[in-house]
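J.: Residue numbers (the numbering used here), protein chains in the order written: chain L, 1 to 136; chain E, 1 to 136; chain W, 1 to 136.
Because the hints were derived from the structure by calculation, they are not lab data. Just so you know, not all the hints are guaranteed correct.
In this list, chains with the same sequence are indistinguishable; a pair is considered to hold if it fits within one copy or across any two.
[What the hints assert, rightly or not] Pairs of lysine-lysine, DSS-like flavour, derived with a Cα cap of 27 Å:
1. 128 to 68
2. 2 to 68
3. 2 to 65
4. 31 to 104
5. 104 to 73
6. 128 to 104
7. 104 to 2
8. 104 to 13
9. 68 to 13
10. 104 to 65
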Amino acid sequence: MKVFFGEIEVTTKDRTELIDISSYVGDHVHKSNINDGLCLVFTLHSTVSVVVNEHERGLMQDIVKKIKEEFPKGAGWLHDRVDDNADSHLASTFIGPSRIFPVKDGTLVKGTWQNIFLLELDGPRRRKVIVEVMGE
Amino acid sequence: MKVFFGEIEVTTKDRTELIDISSYVGDHVHKSNINDGLCLVFTLHSTVSVVVNEHERGLMQDIVKKIKEEFPKGAGWLHDRVDDNADSHLASTFIGPSRIFPVKDGTLVKGTWQNIFLLELDGPRRRKVIVEVMGE
Amino acid sequence: MKVFFGEIEVTTKDRTELIDISSYVGDHVHKSNINDGLCLVFTLHSTVSVVVNEHERGLMQDIVKKIKEEFPKGAGWLHDRVDDNADSHLASTFIGPSRIFPVKDGTLVKGTWQNIFLLELDGPRRRKVIVEVMGE
Chain L
1 MKVFFGEIEV
11 TTKDRTELID
21 ISSYVGDHVH
31 KSNINDGLCL
41 VFTLHSTVSV
51 VVNEHERGLM
61 QDIVKKIKEE
71 FPKGAGWLHD
81 RVDDNADSHL
91 ASTFIGPSRI
101 FPVKDGTLVK
111 GTWQNIFLLE
121 LDGPRRRKVI
131 VEVMGE
Chain E
1 MKVFFGEIEV
11 TTKDRTELID
21 ISSYVGDHVH
31 KSNINDGLCL
41 VFTLHSTVSV
51 VVNEHERGLM
61 QDIVKKIKEE
71 FPKGAGWLHD
81 RVDDNADSHL
91 ASTFIGPSRI
101 FPVKDGTLVK
111 GTWQNIFLLE
121 LDGPRRRKVI
131 VEVMGE
Chain W
1 MKVFFGEIEV
11 TTKDRTELID
21 ISSYVGDHVH
31 KSNINDGLCL
41 VFTLHSTVSV
51 VVNEHERGLM
61 QDIVKKIKEE
71 FPKGAGWLHD
81 RVDDNADSHL
91 ASTFIGPSRI
101 FPVKDGTLVK
111 GTWQNIFLLE
121 LDGPRRRKVI
131 VEVMGE
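Given these sequences and hints, build the entire structure.
T.: See the structure below:
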């Protein structure tokens with residue numbers, strides 16, 4: 001059995017933003033030399049999430065709009081007294097810090113319309129994502 | 001270490017629908033001959049999710065109702081200009097494409113009230129779910 | 001390859017409550033003697049979730065408030081005819097029963113502001129969480 005760790009670094013530009021990291025994840029899977037296993041895409045931040053869906057410009061704007069409606073900034077959250085980003089923490093809590101994928105025949109398994117995105121919730125910032133591949 | 005891949009094919013009948021796939025997942029775990037490990041239940045579609053909860057008819061209708069309220073169809077989404085299903089993509093993005101389970105003593109570990117469902121968000125369609133079991 | 005199973009038992013005090021279980025999860029990872037792999041934190045209950053975010057008292061209250069607003073109790077849910085906790089099941093369905101983490105150099109990998117919480121959605125009750133560590 002082998003375990004491989006890779007990292008992706010991203011600089012975000014907006015407060016709420018989707019960054020397509022699919023090709024970087026795929027590169028790490030190839031570099032891992034693992035044929036069959038699992039690939040965990042995990043962020044170390046509490047105001048970031050990882051999500052999977054179609055890379056279509058309109059949809060990406062819809063996702064950002066939905067985030068802002070669902071987790072409104074400055075809506076009287078208690079955490080805003082400490083740090084002005086309770087909405088970002090809430091979104092990350094509900095959506096989660098990671099997504100996990102099958103790896104088969106040396107390739108990341110995902111559907112045609114499934115791209116992998118870092119979901120920035122409190123940018124702009126420099127962000128890090130861990131890509132762990134485990135298998136044989 | 002062993003890695004096993006199985007597939008479940010489902011034909012959905014409604015636009016938003018829960019299909020209980022627990023027994024199919026359990027069958028794949030038995031077929032894998034893996035005693036201890038992890039079982040990933042992963043959909044390749046961007047308008048489907050996998051969820052876990054109780055198989056009670058009323059609750060299953062509540063989940064469908066909540067999805068429709070939370071992700072309303074035709075609410076001015078930009079993706080609807082391309083394909084009339086932005087709501088389906090949004091729900092799948094937030095809920096995620098997979099759930100993962102422990103496997104112990106050759107059996108899928110889940111609670112008495114935990115069933116595994118394919119959550120159709122843009123049916124009716126023919127859908128596929130990957131069941132990957134990894135362990136020893 | 002090794003697979004380790006641990007358990008965490010928690011007694012909750014409120015109907016909706018966050019219990020920080022980070023140190024218990026970390027202890028199980030050390031006990032497992034696994035250097036590199038994955039750690040799955042999984043609840044067997046259908047009215048509990050596992051979430052990851054910052055342990056800040058205000059934020060923890062914000063999360064509880066958001067849960068109650070997003071999944072209101074007694075809002076005419078059909079499952080309430082069977083058991084008066086449809087809201088709890090709904091929240092658990094959407095948020096999910098688990099979170100999964102990398103394990104590297106014998107340590108659970110998580111960010112400075114990432115703590116692991118059992119999210120009680122229908123307490124007070126005695127609850128159980130499985131910690132599975134798999135790797136080498």
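J.: The structure should be examined with respect to each hint, and the outcome stated for every one.
T.: Structure-based check of all given hints:
no.: 1; hint: 128 to 68; in the structure: within (23 Å within a copy, 32 Å between copies)
no.: 2; hint: 2 to 68; in the structure: neither (40 Å within a copy, 43 Å between copies)
no.: 3; hint: 2 to 65; in the structure: neither (40 Å within a copy, 43 Å between copies)
no.: 4; hint: 31 to 104; in the structure: both (14 Å within a copy, 18 Å between copies)
no.: 5; hint: 104 to 73; in the structure: neither (41 Å within a copy, 35 Å between copies)
no.: 6; hint: 128 to 104; in the structure: both (25 Å within a copy, 16 Å between copies)
no.: 7; hint: 104 to 2; in the structure: both (14 Å within a copy, 13 Å between copies)
no.: 8; hint: 104 to 13; in the structure: neither (34 Å within a copy, 31 Å between copies)
no.: 9; hint: 68 to 13; in the structure: within (16 Å within a copy, 32 Å between copies)
no.: 10; hint: 104 to 65; in the structure: neither (35 Å within a copy, 36 Å between copies)
Checked against the numbered hints given earlier, the structure breaks hints 2, 3, 5, 8 and 10 and satisfies all the rest.
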